[in-house]
Amino acid sequence: MKKSFMMLLTLVFVASIALAGCGSKAETKTTDEKTPTTDATQTPTEPEKKSEPFSITLRHIQVGEPQKNRLAILQDVVKKTEADVPGLKIELDGVEDNTNRNTKLPAEMAAGNVPQIFDLFGGTKDAQKYAQAGKLLDLTPIIEELGIKDQFMDLSAFSVDGKVYGLPIGSSAEGMYYNTEIFTKYNLTAPKTWDEFENILATLKSNGVTPLAGFAKDGWAAAMLPNSLWARYAGPEFIAGLKDNTSDWTSPEITAAMTKLDEWNKKEYFVKGQLGIDYAGRIGQISTGKAALMFDGSWSSSSFADPKQAGDVVGKIGFFFLPPAPGGKGDQTAVNGNSSANGYGFRADLNENELKAAKAFIKNMYTLENQEKGLLTDNTLPSMKLPKESTDKVTDQIVRQVTEGMSAAGALFPVFDAFVTSEVNTAIEQNVQKLFSGKITPAEFGQNVAKAAGK
Amino acid sequence: MMKSIKKISPHFVLLLYVAVILYPFVFVILSSFKTNNQEIQSNPWGLPNVFTFSNYSEVWVKGKISVYFFNSLYLSLAAAVCGVILAAMMSFAITRMKFTKSSKWLYQFILVGMLIPGNALFIAQYILVADMGILGTHWALFLPYTAGAIPLSVLLVSAFMKAIPSEIEEAAVIDGLSAGGMFVRIILPLTVPALVTVFIVNFLGNWNEFLLSNFFLSKDSLKTLPTGMAGFRDAFQTNYALVCTGIIYSVVPVFILYAVLQEKIIAGLTAGSVKG
Amino acid sequence: MNKALRNPAIYILFIVPSLILYFLFFIYPLITSVYYGFTDWDGLNNPQFVGFDNFVKLFEDADFLHSILNNIYFICFSVGIQVPLIILFALLIGSVKRFQRLYKTTVFLPSILSTSVIGILWGFIYDPDMGLLNRFLGLFGVDTIYWLSDEKTAFLSILITNAWQWMGFYIVLVLAAILAIPKELTEAAAIDGATGFQQATKITVPLIMPIISVVIMLSIAGAMRVVDIVIVMTKGGPAGSTDVMASYMVSRAFSYGQYGYGTTIALIIFVFSLVLTALYQIAFNRKASEGVEY
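Protein chains in written order, with the working numbering: chain A, 33 to 487; chain B, 260 to 535; chain C, 140 to 433.
There may be inaccurate statements among the hints.
[Stated by the list, open to error] DMTMM-like cross-link-like pairs, simulated, lysine to aspartate or glutamate; straight-line CA separation at most 25 Å:
1. C:Lys291 to A:Asp310
2. B:Lys323 to A:Asp310
3. C:Lys196 to A:Glu455
4. A:Lys304 to C:Glu199
5. A:Lys471 to C:Glu199
6. A:Lys483 to C:Asp192
7. A:Lys405 to A:Asp182
8. C:Lys291 to C:Asp202
9. B:Lys323 to A:Glu97
10. A:Lys304 to A:Glu228
11. A:Lys100 to A:Glu123
12. A:Lys299 to C:Asp289
13. A:Lys487 to C:Asp289
14. A:Lys361 to A:Glu436
15. A:Lys304 to A:Asp294
16. B:Lys478 to A:Asp294
17. A:Lys483 to C:Asp179
18. A:Lys195 to A:Asp170
19. A:Lys111 to A:Asp381
20. A:Lys471 to C:Asp181
21. C:Lys291 to A:Glu476
22. B:Lys478 to A:Glu114
23. A:Lys100 to B:Asp479
[Stated by the list, open to error] Which residues of chain C face chain A? A partial, calculated answer using Cβ under 7 Å:
24. Leu183
25. Leu278
26. Gly376
27. Tyr419
Keep in mind that the hints were calculated from the coordinates and are not lab data. These figures come from a predicted structure and were not determined experimentally. Here a beta-carbon is modelled for each residue, glycine too, at the ideal position from N, C-alpha and C.
Please construct the entire structure, taking both the sequences and the accompanying hints into account.
Written out as structure tokens, the structure reads:
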């Protein structure tokens, strides 16, 4: 059935082309129109002379003020790479993170027109899915040749069957930022226990301070805090079990975690109207004192070192991981840590020249110097094993609190989105938002996600 | 007394409506001169404390508005012109040439296109454009824009051409003109009003098109104004003064065009919709 | 009688370019849509034929059903609220002599702007803290309203923005019809002692019924086509509550890689539009194609 249908399609199509052949002048015009583009896409695959100019596109997500330090490092690497490869011109194409990850890149993967180098997330619904579909370049030979394979802390989220398809640029951890000035004002300190934590939220609320920043318009951002709540209530094993879909979304622990979130939401602990606020709006909520705490990733800490973004709160921000939950399952000292989340991938069908460019880019980008630079200028936690001399240079208070918290932790648990299927991921994001909007109950959250997980 | 109230009251209602239309623009203009969000928030209605023009230079440099603008302009123009020419040719063939049977069939065939809501073909067009190998180039917009205009344009132009009396051709035949000559020298000049209408409808449609431009292109340097502005908003959304400045840059050229050509534009767009 | 106009080469030359483009971008996608709509396809691997599975899934998909509902709200709002206002304003503009041109050009203005830019502009007006609307309502002591982030107001906000953009366009359409009514008719009525209101309802409105029916048809078509304003203003949020069919289709296909499923939605949009067109034709008894008659 399918075959004959496609045959019919082809026939109709061929017929139309043949029909087109009848027309003389005007028709040549249409084909003329197409020629330059076909040429443009084909030239790179033809063998080229040495140092003939060629260009590749590099898709990055370093757009906007908070990303400027990351952009600086990238630009530096681009300059070096262009110098290393004769004739190479790298065109930078900046796209906002969420748009790139969830709209642009998937569409380009489907259409087969991804840039030569692009920002890529690790995990089942990103790097691993694309790798399995044969869309990503196997980087194993390159990193072995460059001798950097063993310098990475963890490449699992970018690997399929022992082959590496992407390289993480940094690692990250998710926890709670807080405004130390507001804390001092109300005699509060970073909490050691869950009761202390809840007390902080209640105290702030009763004093007319909104406790928690809200930015739930972007589904992935809305799901950050729940991820850590699940690990507290249902244990790090719950997150680990998502890998082989053995975790039970309808368990009482998950319902308890979501009930807690629901309770905070109903008590109006989050900034009002959070479902309409983009992720980008979060820094402003903290810098203007609209909210006192913010659950976010360590990558945001550089924004709080920049007076242009954070205004008066520079140097007045602290960081803690969620304290142990009462009655929580599993290791309550575990904290979130993602050692291979975001990085770069390369398209599978690079030609000889482009391959050279990719190699030079990897060589210039993934160095201990850049890792240290990222850590010191941009507060990006390293993805490669940095020597102690480097990490000791860190002066930023937030970064110190993050790394100390991580080294004190009994274990690290990752973010769910590296393991679950697109369907489950979508269900999680949408149902967290639905919970926030009061459309579903905490128990329904688990049921809906479990349904998407095929259970 | 009663009479003058009666006379004034429609104006009162209408001026209110005009205010609702215009005030957002005034607000955007005022905000674009303000230094930051705090100033907009504390003083939303009034003039800025100091007129800061720095937003304008910053947006011009950072926002690449000029690039988007140029892309929009030449794509919209090229596709609209091609659409008009193709539609005129087709209309000439089916209304003036003596192939009545096939013309009738062709005309109905083309009109089927009017029944298809544009966005319903969006995914299939995306795949088509990808298969053609032109995704991410301006061809990916130029061809669908030109094609998309054909049904309505053919409808409008052929209605107009149909009305031209046939004696004209008879005179032309005596002069020994070929079909092509007749088209270029006689029918086209007579059809100019309809062609202008079609051009305006197509041009503005292309100029404002968002969906295709958003998904068929990815490089910033190729983006058109509607998608470029959306991207600009995403990148600078926390700085309202800058976003407002971006809005100004993108609407001012249209305002100028409208100020000059308002009658033509209004007539063209409304005619385009009614006939359709 | 006329050889030149019987030249088949010229005939083909003149129609073929349009036909190719038309076939490529209308007919061919329509055919492939029907094919993809019956497959499970993630865009990366080969499409799998699944029969009517996608349709069954769609009509169990609460979010999709909600998006249909939003399209219907859109139609109801356009026809039930906008159209009466359009007629009212057109009558008002038609009734004044001074400033008539000014009113006409001003109300028409938003319809030549890009929906994307208007979405950005209105997003700013709806901003809870800085937005014009809340600032204005604040003057009357109204509490902060979270226009675009509250499910209760988000879709209404989009409807208002859409009305702001398109009402003027239709007002001008109706106005043209009003101004085309021979003066003698209304003058005669005035002499008979009809009030302005009576003139409007008894004489003007019946006379402009044809154009009103066109406005209704265009509003319905517009409501079926709506997508960019939703993408720009809310991306379908909060929690999917403002998704219309087309935006849901786009997000399914492009964000979640469900190209087969997305195309099924496209087919449903197509069928929906056909049904509405047919209903409209029946209701207003118009011929299927105006313009050239053969």
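Quiz item: Can the restraint linking Lys196 of chain C and Glu455 of chain A be considered satisfied, given a maximum Cα separation of 25 Å?
Solution: With Cα atoms ~14 Å apart, Lys196 of chain C and Glu455 of chain A stay inside 25 Å; holds.
Quiz item: CA of Lys299 of chain A to CA of Asp289 of chain C, is that 25 Å or under?
Solution: holds, 17 Å
Quiz item: Is the Cα-Cα distance between Lys405 of chain A and Asp182 of chain A 25 Å or less?
Solution: Cα-Cα ~20 Å, so holds.
Quiz item: Within 25 Å, alpha carbon to alpha carbon, are Lys100 of chain A and Asp479 of chain B?
Solution: holds, 18 Å
Practice problem: Mind checking the alpha carbons of Lys483 of chain A and Asp179 of chain C for me, to see if they're no more than 25 Å apart? | Solution: Roughly 19 Å between the alpha carbons, so the hint for Lys483 of chain A and Asp179 of chain C holds.
Quiz item: Does Glu199 of chain C lie within 25 Å of Lys471 of chain A when you go C-alpha to C-alpha?
Solution: holds, 18 Å
Quiz prompt | Hint consistency between Lys323 of chain B and Asp310 of chain A [alpha-carbon to alpha-carbon, up to 25 Å] | solution = holds, 23 Å
Quiz prompt | Hint consistency between Lys291 of chain C and Asp202 of chain C [alpha-carbon to alpha-carbon, up to 25 Å] | solution = Holds: Lys291 of chain C and Asp202 of chain C sit about 16 Å apart, inside 25 Å.
Self-check item: Restraint satisfaction for Tyr419 of chain C [CB to CB of chain A, less than 7 Å]
Solution: Violated - the Cβ of Tyr419 of chain C stays beyond 7 Å from chain A, reaching only about 31 Å at its closest.
Quiz item: Is the straight-line distance between the alpha-carbon of Lys478 of chain B and that of Glu114 of chain A 25 Å or less?
Solution: holds, 20 Å
Exercise. Verify the proposed pairing of Lys291 of chain C with Asp310 of chain A, using a straight-line Cα cut of 25 Å.
Key: holds, 19 Å
Quiz item: Given the hinted pair Lys323 of chain B and Glu97 of chain A, is their alpha-carbon gap at most 25 Å?
Solution: holds, 16 Å
Going down the numbered hints, you'll see the structure goes against 4, 13, 16, 20, 25 and 27, while the others check out.
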